[in-house]
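Visitor: Read off the chains here:
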Amino acid sequence: MKSTQIRQFLYQAVSLGMIIASALMVWKGLICITGSESPVVVVLTGSMEPGFKRGDILFLYMSKDPIRAGEIVVFNDGRKVPIVHRVIEVHERRDTREADILTKGDANDMDDRVLYTSSQHWLQQKYIKGRAVGTYF
Amino acid sequence: MQEKKAETGTKNAKKANLLDHHSIKHILDESVSEIVTSRGYVEDVRMSNVRLLLGTIIIVIALFAQFYKKKFPENRDFLIGCIVLYIVFNGLLQLIIYTKEKNAILFTYPPAGSVTSTGLVVSSKLPRFSDLYTLSIASADPKSISAGRPVEFTKSVTQWFTKDGVLVEGLFWKDVEALINDYAAEPKKKK
Chain A
1 MKSTQIRQFL YQAVSLGMII ASALMVWKGL ICITGSESPV VVVLTGSMEP GFKRGDILFL
61 YMSKDPIRAG EIVVFNDGRK VPIVHRVIEV HERRDTREAD ILTKGDANDM DDRVLYTSSQ
121 HWLQQKYIKG RAVGTYF
Chain B
138 MQEKKAETGT KNAKKANLLD HHSIKHILDE SVSEIVTSRG YVEDVRMSNV RLLLGTIIIV
198 IALFAQFYKK KFPENRDFLI GCIVLYIVFN GLLQLIIYTK EKNAILFTYP PAGSVTSTGL
258 VVSSKLPRFS DLYTLSIASA DPKSISAGRP VEFTKSVTQW FTKDGVLVEG LFWKDVEALI
318 NDYAAEPKKK K
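Chains as they are written, first to last, in this note's numbering: chain A, 1 to 137; chain B, 138 to 328.
One should not assume that every hint holds.
[Unchecked claim] Simulated DEER-style distance windows between Cβ atoms:
no., chain 1, residue 1, chain 2, residue 2, range
1, B, Asp-278, A, Val-40, 28 to 38 angstroms
2, A, Asp-111, B, Phe-215, 33 to 43 angstroms
3, B, Asn-318, A, Lys-2, 19 to 29 angstroms
4, B, Lys-239, A, Ser-15, 54 to 64 angstroms
Simulated from the structure, these hints should not be mistaken for lab results. Just so you know, these numbers come straight off a predicted model, no measurement behind them. Built from N, CA and C at the ideal position, the CB exists for glycine as well.
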């Protein structure tokens with residue numbers, strides 16, 4: 001192959017790589033800004049109807065503020081797919097500030113205890129990946 | 138020279154998509170590079186190499202950010218570092234492109250064996266909704282004594298393409314070579 005052809009090919013490959021790199025960096029930037037592993041998630045089930053339907057897009061934000069009842073959170077306690085439900089109970093220890101959290105989907109009859117992995121009865125703060133702060137549907 | 142032209146005519150007729158002005162400009166620029174290099178000017182690839190290098194560094198930074206061992210939030214500082222580096226290198230690349238490469242399509246070294254001329258900068262312009270292609274040849278080093286005066290011509294691209302988009306190389310070569318001769322024959326700039 002002539003060297004000009006190699007050069008052209010390299011040029012196109014680098015241009016393509018740079019486009020992909022810029023998309024990647026925008027995503028990483030969003031992760032850093034929102035403080036959440038997955039700053040944008042899609043609602044997968046109808047367990048939060050009528051507020052969120054399947055296919056709605058949620059924007060997440062994670063801050064150091066304590067979790068309070070009534071907030072809609074995304075949690076992942078070791079499962080493949082995170083779940084978006086509302087916090088209904090928070091028990092916070094006065095001394096260590098550690099919290100036990102219980103969640104429930106708005107459209108579900110029962111709370112999420114059956115879903116928690118390893119038969120836990122409460123979620124810990126570390127499993128909360130973010131709060132829903134915006135939506136697009 | 139004659140047989141080379143006939144060969145390129147039959148082997149790889151250059152075809153452009155007439156509806157896409159990028160395609161037209163790309164083919165014309167490619168041909169210009171061929172013509173200039175066939176006149177004995179060797180291409181100066183330093184600028185092109187710098188761009189390729191910067192582009193590769195940027196891609197590597199992005200790959201680092203993506204495939205780092207630790208997951209969020211432990212890798213937050215590393216991610217921020219990567220993002221800052223990425224912005225810095227992109228800024229550098231844009232700066233270099235903006236200052237050195239305005240519209241240029243080819244840089245060359247001075248022709249071999251000549252002590253009285255400098256390398257060339259060949260630039261071209263084809264505005265978005267226009268059919269007028271502007272080709273200009275200037276000196277790579279405007280401050281040198283032996284730099285020639287910049288020359289240019291503007292012509293409609295319809296003069297060089299057939300209805301099917303095939304580039305009629307003979308006509309185009311004629312125009313470009315005339316421009317090169319123009320430049321080479323220019324009286325040198327007086328100090």
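Visitor: Which hint numbers does the structure go against, in order from smallest to largest?
Guide: Of the numbered hints, 1 and 4 do not hold.
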